[in-house]
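Using our numbering, you'd call the opening residue of the sequence shown number 2 and step up by one each time.
Note that these hints are calculated values from the structure, not bench results. Warning: the hint list may mix true and false statements.
Derived Cβ-Cβ restraints for the label pairs, each shown as a range [as the list claims (entries may be wrong)]: (1) Val37 to Asn103: 16 to 24 Å; (2) Gly85 to Arg34: 39 to 47 Å; (3) Asp44 to Thr87: 21 to 29 Å; (4) Glu88 to Arg38: 36 to 44 Å.
Virtual Cβ for every residue (Gly too), placed ideally from N, Cα, C.
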Amino acid sequence: MLLVVSDWGFENADVNTYGKGPYEGGQIYKFKRKDVRKKRSKDVNFLILNNWNERAPGMPYGNYVIFEYDTWPTARRTATWWHGNTEYSHDYRSADGYYDLNTVYNSNFAYHSVNNGCIEWRSQYY
2 MLLVVSDWGF ENADVNTYGK GPYEGGQIYK FKRKDVRKKR SKDVNFLILN
52 NWNERAPGMP YGNYVIFEYD TWPTARRTAT WWHGNTEYSH DYRSADGYYD
102 LNTVYNSNFA YHSVNNGCIE WRSQYY
């Protein structure tokens, strides 16, 4: 199961759009083991943040981490982002490292893409 935790600017708790339980995040897609083993590509539509300027006015960026959630007693990991001299972090529960950890900016989010050999995705505005 791939999950995402995202805090948009870490300054406005109302904009945190994902999260079930502590350290869990929001589910992007639940993969079957055979799909992972056979490295099957899946087209997944997942809404990160619609109407950015309306829902997160004044927030120029958003931080996110995509990971596989594992239940307790799996240890927590920490995702860390730096903006200038300020460090932001968020804990998530996973036996493995993250698949993608990044910052997206409002000014170029429509062109954001990732292909790191583990995960491939691209953003689109609707």
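Against the structure, the hints come out as follows:
Distance hint check for Val37 and Asn103: the Cβ-Cβ separation is about 22 Å, which falls inside the suggested range of 16 to 24 Å. Checked against the hint of 39 to 47 Å, the C-beta distance between Gly85 and Arg34 comes to roughly 42 Å, which is consistent with it. For the pair Asp44 and Thr87, the supplied restraint of 21 to 29 Å is violated, since their beta-carbon distance comes to about 36 Å. Remark: the range hint 36 to 44 Å for Glu88 to Arg38 is upheld by a beta-carbon distance near 37 Å.
In summary, the structure is inconsistent with hint 3 from the numbered list given earlier, while agreeing with all the others.
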